[in-house]
Amino acid sequence: MGIENSLGDGFLTTKVDSLTNWARSNAAWPMPMGLACCAIEMMAFAAPKYDAARFGSEVMRFSPRQSDLMIVAGWVNYKMAHAVRRIWDQMPDPKWCIAMGACASTGGMHRCYGVVQGCDNFLPVDAYVSGCPPRPDALLHALMKIQDKVRTEHSTKLDT
Amino acid sequence: MNMELSDTLQSLVDDLSENYSDQLIDVYQSSGDTFIRVQPDAIVEICRFLKDEHHFIYLSDILGADRFTSEERFEVIYNIVSLRDRERVFLKVWIEEKDPTVDSITDVWQSASWHERQVYDMFGVRFNNHPDLRRIYMPEDFDYYPLRKEFPLLGIPGSIELPSSTPDTE
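As given, the protein sequences belong to chains A and B, one line each in that order.
Position in the first sequence counted from 1, then plus 36, gives you my numbering.
Position in the second sequence counted from 1, then plus 195, gives you my numbering.
Bear in mind the hints are in silico, worked out from the structure with no lab data behind them.
All values derive from a computational prediction rather than experimental measurement.
The C-beta atom is built at its ideal place from N, Cα and C for all residues, glycine as well.
Wrong hints could be hidden among the right ones.
Looking from chain B toward chain A, a few residues come up when the C-beta cut is under 8 Å (computed) [said to hold, decoys possible]:
| # | residue |
| --- | --- |
| 1 | Leu-278 |
| 2 | Leu-348 |
| 3 | Gly-350 |
| 4 | Pro-358 |
| 5 | Thr-361 |
Next comes chain A alone, as it looks inside the complex (with noise of 0.2 Å):
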């Protein structure tokens, strides 16, 4: 582009879009909502082995008001499902959404009336992990994903 013809040395152009969506997609800090065995594996996947850290997303915030990217690990029931919920609804925006294993996409095994079949019944799921519970490479592969929707997203909108 010709402007940076003329502003010389040290300067770069970019989109606000790119790079609002670099530094999202860099810093999605999870918010652990660990409900049954899924979250050792999320242990895993923070801690310095698998080091989730390399994808900016070390930092468990277990405030929802801090966090970006609910990563809901284990089966939810229906008394829990409230909870979640307003957990979720306290996230600020913008905001994703990780359904980790077989029992928070699916229900899994949990075929009972107690148990909600699916987090994505009372949730928008961006990204459901296949495995029961997944190994901690398949939550990172999910966090990449999560990464590739943030930086094709239109993150600058007009406000109207």
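Starting from the structure of chain A, add chain B where the hints point.
Same frame as chain A, but now just chain B:
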């Protein structure tokens, strides 16, 4: 009947059949455990007898079961333990579907309270003289008894409320 009762259990069964011969229905063993089926209206009396005379001071659990028979459909099973004699006995009562009530044993073992609430919650068996017979797991306004055989595996759609997926707009 071919049973291998220990001395303490044998004396218990003898004692029961001597004092409660009309209320004692069946004694049998299965998988190494001893089961004693009694008349439902005598359950409190027999529990107190076992606690006072045979040192069954520990109520381990109370279970319900749906036998899915046309008569005496529901079963309540009391799992009691004597810590002194290291013995465990299962007491059973069968109750009718039409009027599924049995006397509460909370006067004998106070810990029965929550166990009985669970059986009430899951099977709809009512316990007379229970101090606080409410549902323990399911919502108060839930209309069904989920562990009954006729209850569908996945529940009744819409019977338990899911959170609204549209946030409050204020």
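How the hints compare with the structure:
1. Leu-278: violated, 34 Å
2. Leu-348: Holds: closest Cβ of chain A sits about 6 Å from Leu-348 (chain B), inside 8 Å.
3. Gly-350: Check passed: Cβ of Gly-350 (chain B) comes within 3 Å of chain A, closer than 8 Å.
4. Pro-358: Status holds, d = 4 Å.
5. Thr-361: Nearest chain A Cβ about 10 Å off; hint violated.
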